[in-house]
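The primary structure of each chain is shown beneath.
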Amino acid sequence: MIKPSNIKIAVASGKGGTGKTLLSTNLFYVLQQQNCNITLVDCDAEEPNDRVFFKGTMLKSLEVTQKVPVIEESKCTFCGKCHEYCNYNAIFILPPVKIIKVIEDLCHGCGACSVACHYDAISEKDVLLGNVNCFSIAQQSTVIEANMKVGVYSPVSVIKEAIKEAGNSGIIILDSPPGTSCPFIQTVAVADYVILVTEPTPFGLSDLRQSVETLKTMNKTCGVIINRAGLGDNAIYEYLKQEHIALLMEIPFDKDIASYYSKGELFVKYKTEWEQPFISMFNSIVEKYGDSNN
Amino acid sequence: MEIAIISGKGGTGKSSISAAFATLSGKVVLADCDVDAANLFIMFNPTHEEEQVYMGGQKAVIDYSMCTNCGLCVDYCRFGAISFLNGRVSISEILCDGCKLCSRICPSEAITMIDSDKSRMYAGTFRNGKMVYGRLAPGEENSGKLVNMVRDKAKKMAKAENIDTIILDGPPGIGCPVISTITGVDHVVIVTEPTISGLHDLKRTIEITSKFNLKTWVIINKYDLNNEMANEIELYCNGLGISIAGKFTFNAQVVEAMVQCKSIMEYAPESDFATQIQSAYNMIANGKIISKRN
Ligand code: SF4
Ligand code: SF4
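Protein sequence lines, in the order shown, are assigned to chains A and B.
Note that numbering that gives the first Met the number 0 has the first sequence beginning at 0, numbered continuously upward.
Note that numbering that gives the first Met the number 0 has the second sequence beginning at 0, numbered continuously upward.
No lab work stands behind these hints, which were simulated from the structure alone.
Any given hint could turn out to be false.
[Said to hold, decoys possible] Computed list of lysine-lysine pairs in DSBU-like fashion (alpha-carbon distance at most 30 Å, straight line):
id, chain 1, residue 1, chain 2, residue 2
1, A, 148, B, 155
2, A, 100, B, 58
3, A, 215, B, 58
Please build the complete structure, drawing on both the sequences and the hints.
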């Protein structure tokens, strides 16, 4: 049994490919079967693929755009003020030969150049960064996908919009982007609890350490799921003990699980003995961290 | 010759393959461009010969002894980073994008920008040549600039040491750091897995490499986890005229090797996997395309 609750849980991992998507999608499915009000947000906007695992109908698709300056050269006096104000080097200017250009890929849309220009030469246009796609999977259960347009330099804006779209009610699972840089921070910042998925190898441990250290500075509590347990060594278990981090679950390396995943299937559908561990894990998290209004 | 190994999504075995390529025979310069989750230094434990500070972005901070609480900055900030918290203007470190606009427009000059200087680039010697890697501080924007710094250093070292081959282990995703890793290299090797999500990611990754007109190869790792999917991926690549450099079998020895901090070439040079690596490398490096029918 699951008690209705409001909670945001981020599923993250320092390194990519440890099984974040596997965990998020199966957890989502198990809770959805319990008739919870639940949303899964795929925040890995560079390579979103949670949706592969569900059949649903698209509810809506929102465009995420950014403002980029447009310089009207007839009004421009080549004073260079916009170039000076841009902290991202996105404006290229050569006053002697009267050349000015916006390097759109570098622009963050901050608007500083527009403020800087005293000659009214800068206006702005919208450029597309990606989409936020919402799918209805069942009653009260939604998958929201952050999908960065190929060729865009940073996924952060699209991720932020997707999280915003998820709102604040019910259970929200955030399948986070890999790493510990900006996209990861933006995702876990809104979470009440973070599940870190790792594997028991030296690489897995090194990345786990970095994630744990980062979460500490953000005052976030986390627990760990070890995926592909059995392949690798014991160092990670020692580390968890030493740091007093909860080991939430272990998923052994299992060719069946890998094969279901490869076909875009949820393994809990076939290996129903896994339902209970997911439910218990979720309940133990909600008990302590649920219903805060983060 | 520069060979970049990338993977779209992480966890496909990209780093293990990079490590194997780096320990085949001749000396190489190995550059770990996954600055957000650098890993190869754990395996190769290079000497610490050089350390360079990488200047990341900036963050705005308020000096409250000067701030009059006028709220002008709140209106100007486009990233929603400034708001009134308990009646006082305050800047969220997480949301601040570092554009400096608030600092420029503050009438009381109460806002200054702090440089983030925690990211590093390291260079040294490892058992098969030279190694360079970057470590991005948590929360930093992975703009690809640190990757550029790593690549420049790798080129310099290759020149100084008269080494021909540079192996670049790339970051996950398709954003800016990936673009920085692959721009101008001689070969891009995309490592993928025979899963639906693998194919989905592969398509996005190929879109990027073709945008930059790069010689692209695909390695299907662990292809025997789902033969059908592997065939589909092969067909897809054939259709685009992209050569498959190798189809590697799943091999638990790769993980065992990693636990011993060895590459598969060092740990099990006689294994199938090692043979597969060698022939893939020959194909890529010599441009020999051997057409095989399975
Ligand atoms: S909007 Fe900001 S980032 Fe873009 S060009 Fe203007 S000053 Fe630079
Ligand atoms: S530097 Fe830019 S993003 Fe940061 S608080 Fe100031 S206006 Fe906002």
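How the hints compare with the structure:
1. A:148 / B:155: This hinted pair is violated, its Cα atoms lying about 34 Å apart.
2. A:100 / B:58: 26 Å, holds
3. A:215 / B:58: 20 Å, holds
Violated hint: 1 only; the structure is consistent with all others.
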